[in-house]
Amino acid sequence: MSKVPAAVIGVGQTHYRAKREDVSIPGLLREAIDRALADAELTFDDIDAVVVGKAPDLFEGVMMPELFLADAIGAAGKPMLRVHTAGSVGGSTAIVATSLVQAGVHQRVLTVAFEKQSESNAMWALSIPVPFTMPVHAGAGGYFAPHVRSYIRRSGAPTEVGAMVAAKDRQNALRNPYAHLRNPDTTVESVLASQVLWDPVRYDETCPSSDGACAMVIASEAAVAASGITNPAWIHGTVMRSEPLAYAERDQANPRAGRDAAAYLWRTTGITDPRAEIDCAEIYVPFSWFEPMWLENLGFAGEREGWRLTEAGVTALDGDLPVNMSGGVLSSNPIGASGMIRFAEAALQVMGEAGEHQVDGARRALGHAYGGGSQFFAMWVVGSAPPSN
Amino acid sequence: MRDVAVVGFAQRQTRAFDGSPNCVELLVPILHELWEQTGWTKADIGFWCSGSSDYLAGRSFSFVTAIDALGAVPPISESHVEMDGAWALYEAWLKIQTGEADTALVYGFGKSSASTLRRTLALQLDPYTLTPLWPDTVSIAGLQARLGLERGAWDEKAMAEVVARSRSNAIGNEYAVRRGETSIDDVLAQEMFADPLRRWDCAPVTDGAAAVVIAATDRLPATCRRPAVIVGIAHSTDAADLGLRDLLRSPSAAAAASGAGGTEGVQVAELHAPFSHQELILRRELGLAPDIAINPSGGALAANPMFSAGLIRIGEAARRIWSDEADRTLGHATSGAALQQNLVCVMEASA
Chain F
1104 MSKVPAAVIG VGQTHYRAKR EDVSIPGLLR EAIDRALADA ELTFDDIDAV
1154 VVGKAPDLFE GVMMPELFLA DAIGAAGKPM LRVHTAGSVG GSTAIVATSL
1204 VQAGVHQRVL TVAFEKQSES NAMWALSIPV PFTMPVHAGA GGYFAPHVRS
1254 YIRRSGAPTE VGAMVAAKDR QNALRNPYAH LRNPDTTVES VLASQVLWDP
1304 VRYDETCPSS DGACAMVIAS EAAVAASGIT NPAWIHGTVM RSEPLAYAER
1354 DQANPRAGRD AAAYLWRTTG ITDPRAEIDC AEIYVPFSWF EPMWLENLGF
1404 AGEREGWRLT EAGVTALDGD LPVNMSGGVL SSNPIGASGM IRFAEAALQV
1454 MGEAGEHQVD GARRALGHAY GGGSQFFAMW VVGSAPPSN
Chain C
753 MRDVAVVGFA QRQTRAFDGS PNCVELLVPI LHELWEQTGW TKADIGFWCS
803 GSSDYLAGRS FSFVTAIDAL GAVPPISESH VEMDGAWALY EAWLKIQTGE
853 ADTALVYGFG KSSASTLRRT LALQLDPYTL TPLWPDTVSI AGLQARLGLE
903 RGAWDEKAMA EVVARSRSNA IGNEYAVRRG ETSIDDVLAQ EMFADPLRRW
953 DCAPVTDGAA AVVIAATDRL PATCRRPAVI VGIAHSTDAA DLGLRDLLRS
1003 PSAAAAASGA GGTEGVQVAE LHAPFSHQEL ILRRELGLAP DIAINPSGGA
1053 LAANPMFSAG LIRIGEAARR IWSDEADRTL GHATSGAALQ QNLVCVMEAS
1103 A
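Residue numbers (the numbering used here), protein chains in the order written: chain F, 1104 to 1492; chain C, 753 to 1103.
Bound conformation, chain F alone (with noise of 0.2 Å):
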C-alpha cells in the first residue's frame, strides 16, 4: 500500500477585500476555482471530486453551505466532502484532498475553501457563550492575548518584535495583487504607535477581516504527466495533529501538537534541519507574535529564540528563511480559507509562480495552518521536485 505521488497543478485565488459585495457567496467560490482550472489547464469535466472547506457556518449564516453550492462548484454527479477543523480547515481540506489522490480514489481533485466574513461579525460569531465551557471573550485577540505575554515574559524578546513582523507582513503584501490590506507607510515605528487592542497586541498587529476563497487542483502522478503542468508542486508529505484546549500542563505559548505535527513531518519527508532544507514558509500568523512563537514550535529555532531571527531579518523576502511573502494572514484573513492560502501560496513558491514576491530557487516551502485554542495543527511540504519517500 504505497502512496500514490500527487502535487498542486493548479492554483486560483479571489482578490480578497473587507466586503466583496460585488459577488454572491457562489460568485466568489468560482472566482477561486475558475482561476484554478484555468491555471491547471483542465474543465470542470476533468474533475473526480470536490473538497470544500470553510470555518463555522455562523459566519455566513448558511448550515452546510457546500449542499446549495453544489451546482455552482462542479460537484453535482460527483463526490463532495465537507471539512472543518476550526482555523487549520483550509489546510485540513487540501490534505483530505490530497488523501483522494494518494488512497489511488481519484485522479484529480478539485479543492476549494472560503469565508464570506462580511455576510455577519466573525468577533461575535466566535463568542457565543456555552454553558461548561470557558467563553472566548471577546473574539480571538482576546483569547491569544495571554499567550503573547507568556512569550514575551519566556523569551525576554524585545516589544518591537511583534511590530516588525507587523511591517514586514504588510510590506510583503504590496507585492501581492489578491492582498487584502495594502498600506505602503507602514512602518515599525507606525505599528508601535497604533492603539493597543488587547495588551500587548496592537491594532496593526493584528489579521483582518477578509472575504475571499482559494482552490486547488491536486493531480495524481499519472493526471500530472497528461497534463501539460511541467512545474507542479509535489507534496512530501502532510499532517493533522490536535489536542484539548485545555489539561493540566498544557503549553498553550509552544503546544505540543504542533511540536509533535513538525516533528513527524520533517521524520516523513526526510528532513534533517528545517532551517537549512526548507527554503520559506508561509505560517499561520493572525497576530504578529505568532511568528517568533511557531518559528519555535516548528523547530526553525530553539526554544526563546525565534525573535532572533525575526530581529536579524531572516524572515524577511530577502532573508535566509523568508516567512509569509504573501503578506501572510495579517494582510489577508478570510478565516475558513486562510489556512489553504498558506499551502497554496507556498505551493506558488516552488513552482516558480509566485510573481513579485517569489523567493529566488525556492525549492522546498512549508504550508502550516492552526486553529481552535492553539490546538489543531495541519501542515504540508511542497517541492519543485517528485517526493523520493
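A couple of the hints might just be wrong.
[What the hints assert, rightly or not] Stretch-level coverage of chain F by chain C, calculated; a stretch enters the list once three of its residues show a Cβ under 8 Å from a Cβ in chain C:
1. 1173-1181
2. 1203-1209
3. 1339-1351
Read the hints as simulated data drawn from the structure, not as lab findings.
Note that the Cβ used here is the ideal one computed from N, Cα and C, for glycine as well.
Given chain F, put chain C in place with the hints provided.
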C-alpha cells in the same frame, strides 16, 4: 485497495438528551464500550475523525469539546467533517488506504432537540432564493411524497408498509425512540401531520451519538471473530435546487451504489431514509432485490440522531455480519434536502 473492516460499534439514541447542546458527554460511555469490544485503548487508534454540525449545536466549533471527551493527550491525528459521521468514516477509510494509519475511530454526535429541527434545516437551502421562504424539512418531504403519489410512483399503502415494518423491527432495538408492533391498517388510521405524511412517516427528532472502529485487516483486534470487511464505499452529490431536480429520483444514491461496486448479493440493507417514501426511492436507486431485509434496526423512522444516523446504519449493517446473521450487508447515509447527497458502504464477512 487495502482491505479495511468495521470491527467496533457503539451508540446512544434518545428523544431528548438532558445535557450539553452538542451531546459530547455521550462519547465517554461510547468510547468505553468500544475499548471493551476491541480490547484496545486510545493508543491503538491511528486516526480519529468525526461528523457534527455547528448549526445544530447553536455555536461555532461545536466539535472542539469532543476532543476533550476523547482525552486527546498526547495529541492525536484527527479531522472533522461538517457532515454525518458516515462521511467521517469515508475520510478515515482514505487515511488507512494511504498507509498513514492502520486503525481509526470515527464518531458523530448531535442534539436535534435543542432547536426546532425542521426549521433549522431550512438554513441548508439557497440563502438567496429559498431560505427566506423557510421551507422546512417536513414540508419539502411532503411535496416529494405528494409528487410520487400523483405520478403513481408509490401509493399510500406502500408508504404505510415501510412505517409498519420499521416500527415493528424497532422492537428489538433498545435505542429506538419509536417502536411497537404495527400493522399497515394501524398506520393508515393515523391522522395526517403534513398531508400526505403522517407523523410516523417522518423520522422522530432524536438526540444521540455513535462511534465505529475500523481497521486494516492486517491489524484487527484479537477479539474480532468475523470482521465486516468493506468491499465498496462511495458517495455522490446532486444539485440542490429543488426546482431543477426530479424529486422522484436520487441520482447520487444510484452513483454511490455503483461506485461501491453494486448491491448484488446484499442480504441486509440499513437505509438512512428519514421519510417513509424516501426508502422507496432508495430501494429503486440502489437496485436492491425484493428479498433483501431492510432496516432490521427499525431505521431512521425509529430513531434519527442528526450527524450520527448514517454512521449508525453502517454500524448496524456490520453487526449483522459479526452475529452471523448475514454474509453481505449494506449501510447507507443521506444528507441535504430530499436525498441530495448519499453514501453507500457494502461489507462482507471475510473468507
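Evaluated hints:
For the stretch 1173-1181 of chain F, the proposed coverage by chain C is satisfied: 6 residues have a C-beta within less than 8 Å of a C-beta in that chain, meeting the threshold of three. Counting residues of the stretch 1203-1209 of chain F whose C-beta sits closer than 8 Å to any C-beta of chain C gives 5, which meets the bar of three, so the coverage hint holds. Proximity of the stretch 1339-1351 of chain F to chain C, defined as three or more residues with a beta carbon under 8 Å from a beta carbon of that chain, is established by the 9 residues found.
Figure legend: structure checked against the earlier numbered hints; every hint is met.
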